[in-house]
Amino acid sequence: MPRDNSIKKVLVIGSGPIVIGQAAEFDYAGTQACRSLKEEGVEVVLVNSNPATIMTDKNIADHVYIEPLTVKVLEQIIMEEKPDSILPTLGGQAGLNLGMELAESGFLKEHGVRLIGTTAETIFKAEDRQAFKDTMEKIHEPVAASLVVHTVEDGIKFTNTIGYPVVLRPAYTLGGSGGGIAYNEEQLIEILTNGLRLSRVHEVLVERCIAGWKEIEYEVMRDAAGNCITVCNMENIDPVGVHTGDSIVVAPSQTIGDKEYQMLRTSALNIITELGITGGCNVQYALNPDSFEYCVIEVNPRVSRSSALASKATGYPIAKVAAKIALGYTLDEIKNAITGKTYASFEPMLDYCVVKIPRLPFDKFITAKRTLTTQMKATGEVMSICNNFEGALMKAIRSLEQHVDSLMAYEFHELSDEKLEEALHVVDDRRIFCIAEALRRGVSQEHIHDITRIDLWFIDKIQILVEMEQRLKSEELTVELLKEAKRIEFPDHVIADLCGKTTREVHDMRYANGIVAAYKMVDTCAAEFEAETPYYYSVYGSENEAVQTKDKKKVLVLGSGPIRIGQGVEFDYCSVHATWAFAKEGYETIIVNNNPETVSTDFDIADKLYFEPLTDEDVESIVDIEKPDGAVVQFGGQTAIKLTEALMKMGVPIFGTKAEDVDAAEDRELFDKILEETGIPRASGGTVYTASEAKEIANKIGYPVLVRPSYVLGGQGMQIAFNDQEIEEFIGIINQIAQDHPILVDKYLQGKEIEVDAVCDGTDILIPGIMEHIERTGVHSGDSISVYPANTISEVAKNKIVDYTERLAKALHVKGMINIQFIDMNDEIYVIEVNPRSSRTVPYISKVTGIPIVDLATQVITGHTLKELGYKPGLQPSAEYIAIKMPVFSFEKLRGAEIAMGPEMKSTGECLGIAKTFNEALYKAFLGAGVSLPKHKQMIMTVADKAKPESVEVAKRFAALGYKIYATRSTAKYLQEHGVEALWVNKISQESPNVMDLILGHKIDLVIDIPTAGHGDKSSDGFQIRRNAIETGVYCITAMDTANALARSLETAQNDFTLVDIAKVKNA
Amino acid sequence: MKAFLILEDGTVFEGTSIGSTREVISEIVFNTSMTGYLEVLTDPSYAGQAVTMTYPLIGNYGITEDMESKRSWVDGYIVRELSRTNSNFRSKGSIQDFLKEQDVPGIAGIDTRALTKLLREKGTMNGMITTDENYDLDVVLKKLKDYTVGDVVSKVTCDDVTVLKGSGKKVALLDFGAKNNIAKSLNERGCQVTIYPAHTKAETILSTNPDGIMLSNGPGDPKTCTTIIEEIKKLYASDVPIFAICLGHQLMALANGADTHKMKYGHRGGNHPVKDLQTGRVYISSQNHGYVVDTDTLDPSVAVPAFVNVNDGTNEGLKYTGKNIFTVQFHPEACPGPQDSGYLFDRFISMMGGAQ
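Which chain is which? The protein sequence lines are A and B, in order.
By numbering that gives the first Met the number 0, the letter at position 869 of the first sequence is numbered 868, and the numbering carries on one by one without gaps.
By numbering that gives the first Met the number 0, the letter at position 239 of the second sequence is numbered 238, and the numbering carries on one by one without gaps.
None of these hints come from the bench; they were simulated from the model.
Incorrect hints may have been included.
[Stated by the list, open to error] Derived DEER-like restraints, expressed as beta-carbon distance ranges:
no.	chain 1	residue 1	chain 2	residue 2	range
1	B	Lys1	A	Gly40	57 to 65 Å
2	B	Asp145	A	Lys626	42 to 50 Å
3	A	Gly40	B	Thr225	52 to 60 Å
4	A	Lys626	B	Lys263	31 to 39 Å
5	A	Lys108	B	Ser166	50 to 58 Å
6	A	Glu504	B	Lys263	42 to 50 Å
7	A	Glu410	B	Lys1	23 to 31 Å
8	B	Thr10	A	Lys626	21 to 29 Å
9	B	Met262	A	Glu867	51 to 59 Å
10	A	Gly40	B	Ser166	57 to 65 Å
11	B	Thr278	A	Tyr510	57 to 65 Å
12	B	Thr10	A	Glu504	31 to 39 Å
13	A	Lys549	B	Asp145	40 to 48 Å
14	B	Gln101	A	Gln547	43 to 51 Å
Remember, it's a predicted structure, so these values are computed and weren't measured experimentally.
Beta carbons are placed, not taken as given, at the ideal position from N, Cα and C, and that holds for glycine.
Taking the hints into account, I'd like the entire structure generated from these sequences.
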């Protein structure tokens, strides 16, 4: 079927801020789809509230709205832009829901707009619980039997028809509390009774328990003519019970035969056909490991995280093809861009093995519950490719950048046999390491399988890795042994540690014997056809396919690895833009990255893509083959910066700011010297290695002090200490990981926090704008509400900031990007930190000022001057818009995580509010972050003593807005004394009705809880209030400045927005 | 033990011996299926060929009952890695033991992707798998040049007539090296299937008044099957509905004056899109063939293309004009591979006047 020419203008809905469960994969999918639509001459209107994305660039879509993703905003955009169609299947669940709401309300019909890609009816059939069940029954596809019950008797009756064990899921309880698995009637009665009591609606879902079954997924595509294919299947190493986003996943499936494979494939095609999906779809199955019995777990009628993974695992561009299908093309009409010879109707065949490991945030949330369940907790993931499973697993482990490069980690060797056996029962992110230790101690594979239900094939693979550890420990390192260790991807330094050699010795022995990495191509077809797109992965003991090109200058662009808190999609934005800019400058571009969710690892972004871990050794192997003219590290966050030294040693020049200058910014003593020379003040402090040294400095400069490790991003391990005891604790936590660099201890200054990104060409500096944080210092910059242009600082302060920025950039010989954070204390400006690299604010500031910062930085790096590029140096005139960046958190997904803000970053994403006025921008920013108030006009305040004076003003503002304020004893008393009508409510520990009952009553809009500075005790009232608020969906504020900002936004709330098309923002 | 794979062009791969240590000369082909190694090993169409699996991890789920014939027919087996363990509820043993029992020589631990690329670029080549480290390359190369697959249909076909009981249509299946699932697919649809040896006379079959005739898949160059082609001419003339797969499809074309030629490296895998020219629908098919029918040489008044390969445009099926005959190059019986075209068996049954 040819292209439907009636589709001329399409609205694409993005997925909004990055949260757990909805991450960078939708930027990747959306970007690919938009490019695919534009290729077909379609005018693309894009809406997404997330400014850090590549899809919201003006070169990706024709009209770009970085606006809150609400039905009202979408309706307004549709009325202004008048698209003829909407593509809702690329923006995750958020985009899909919005599309559905617009369709169901009749708005689309009224305005002559249709959903393309997949119809509303299809979405309903896949998403509605009952409709889905009915559809599956109709085509005889089994789903796990389940029933909603309201009495224990009904529960028993139903369970008797389906058999034990059953899973019990109470409706509307905190994070699924009160649920569980019942293996017999006694347990059923106990859990069900409790569950019914806890459930607000006295409802419990009784479901057949299929935990422990194999979890297998299929990515399928279908066009409007009814042609279907599977792109890929995947097998979760963690059996059913762990969310697939938190599972270690392998592609293709490894432990099922062709009979099972085809049975599920046929089922997936039947389902996609019955649902009438046009585009991509993900079907998840539970397969009984002891029979052919299976259940359909879930169907996602859209592109998903799994489809991003499948795309990268196979080379098949699912989003691109889905977009073409939406335009009416059939699979056999769409060319496979990787081979240029085959068509989209050709099913990819892999001749390698892919492993995905989730990146979990437990390093950031040390109090959070580490167990993995059906609630996803990962913020991102890594993928690795190898021609054997062991190697792929080893590569994936080191790609995570968690200071773990082998299966010997997390101190399991310290456990007694009994404790280890117990640990095997724990389902968390350390399970494979625990299994490895059990195998080391001779626990049988069968026993481990009985406990974990992980397939024996995978356990044996872990055993192979363990056996290699033992051999390296006990045998002489022969060439043969080294070859075998490298075949399964043991890094040199791990081999060295095991056999008592130095890394250098192992490295040299490898090179002397020609044991070097070779590169193979991901070509979708297992080499059956010649491929045109150089997308490589490394293996040992094979022939190299990567061709060293010589005609152009080559640049190595180092990516930023998995999405984690502190290093998000912003850095992928920077890497991709740098790559495009280098290409424009005539360079051949080579990207190294390992994140399957990102745009940078799309096959057609760089000239060459190496899907590899970002470690010294892995990068060196690429350098050996490619011999690049230089590498650029300033766009890939801390991941890339960390590779600087190693690259220098390999003889690869660093393009842009030199390594020694990067060092000077990170090294405390060198940096102090520069500040002295340039006459720029900073908070006093020093560097330490031990707690006693830290205490000495702290007592000298006076508490409170800021404690943090150097060379980290996102304020990892950063804390404000108020006394010696806290210093002990924080230094202890930091030193749990061996530190290559000293720990910094600085006087904590409280003032306005200011942030600047700038581009320096060695002589001149361009500052696109100054950003100001709404929260005072002490809240990590990534968690603060950031305002551009800064609107409360004086001209004097502004001039100092510009002056200091220029001085610092020059003193550090910056060539390219620099990011500086300042404190403004009554016009006295102090430097907090300097990062001679791209930062997380770059995408946002680029978009609102219209200045392509990364492009400029790249051009500067390649030798152009700012003047030559037509820019007047210095601070650029303010843009015509106010842009406010709002952090977005995923606390509700992480049980037990502390939500109070502090110097360590906790947000997972961000959204933007952009408008002509500050108030409208602020309102949009809150709305984009999902804060849509007022609802019930009731709120709770609990404020630490120190902050009580400030709380009066906040309380008055909310009272004026009509809010009924509840407060715990001391706060209530203080507010009442200061003329605020506050209602006293009991603390959690006191009798009902107490503050917990209020929260659980679902009538509270907002909790303002300002904790005692320092850290939260898990058992404290405050912690309990915050957690319960978050888990019941109540907005919770922990900083007074945020509370004031919210009050302001509510005071000035407007019903109609002015929409801003970012594509029309002119260069300032 | 070391093993060597020596190709006609002089390339030598060194690996580890698997299965039998017997020396073998064969045609070297590759298969891109990611599952179904046992079905591949036992597919009689591979007689005369050593198969390279492009998927690197083989044997993961062991040996099950999923055999497409009574034994393994491949001349040799070439893999990247054999799994040392096998894990599946149906597994009855390891692939290592199976290869030994079946006396299949093989080689593991070689760069199968490099080998596949070589075959793709130079076309299918002859090769030798040997464990003799002191091979004389010149001698070996001469032997390789002389090797031809020969008459393998006679080798793989059944000796006796067998019957799969059924209450529906009576189908005569000519076994040129038939995969089990062809008879099974018909039998499951109610057909009574009588399986005949490849060299059975047309008269013998027609004398039983079958409702339909099924020509199976099989190994080798179709043009060498001259006597069989003569019999097929008679079957064509009989007006009994005929459905043919793979070699059967090629033989029917040859019987009707068309030509076939050897492809550069053939189609072997479970991912090839074929387009039904009547409906425009595309199906993913299981494939295993090294020869193809030249549609140019076909008289349109005799037969017209019914299926075409979406990737390279080669013929994938024919509809015989004015006859109840249709033939396909791919494998609707799957095993291994997608079951998407299984509906063709239903079409055959309705062609015989049976239930839809």
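Status of each hint after checking the structure:
1. Lys1(B) <-> Gly40(A): 57 to 65 Å: 59 Å, holds
2. Asp145(B) <-> Lys626(A): 42 to 50 Å: Cβ of Asp145(B) to Cβ of Lys626(A): about 46 Å, so the range 42 to 50 Å holds.
3. Gly40(A) <-> Thr225(B): 52 to 60 Å: 57 Å, holds
4. Lys626(A) <-> Lys263(B): 31 to 39 Å: 35 Å Cβ-Cβ, so the 31 to 39 Å window holds.
5. Lys108(A) <-> Ser166(B): 50 to 58 Å: 54 Å, holds
6. Glu504(A) <-> Lys263(B): 42 to 50 Å: This hint holds: roughly 48 Å between Cβ atoms.
7. Glu410(A) <-> Lys1(B): 23 to 31 Å: The hinted range 23 to 31 Å is violated for Glu410(A) and Lys1(B), with Cβ atoms some 43 Å apart.
8. Thr10(B) <-> Lys626(A): 21 to 29 Å: 28 Å, holds
9. Met262(B) <-> Glu867(A): 51 to 59 Å: With a Cβ separation near 58 Å, Met262(B) and Glu867(A) satisfy 51 to 59 Å, so the hint holds.
10. Gly40(A) <-> Ser166(B): 57 to 65 Å: 59 Å, holds
11. Thr278(B) <-> Tyr510(A): 57 to 65 Å: 59 Å, holds
12. Thr10(B) <-> Glu504(A): 31 to 39 Å: 35 Å, holds
13. Lys549(A) <-> Asp145(B): 40 to 48 Å: Because 43 Å falls inside the window, the suggested range holds.
14. Gln101(B) <-> Gln547(A): 43 to 51 Å: For Gln547(A) against Gln101(B), whose Cβ atoms are near 44 Å apart, the range 43 to 51 Å holds.
Going through the hint list in order, the structure does not satisfy hint 7, though it satisfies all others.
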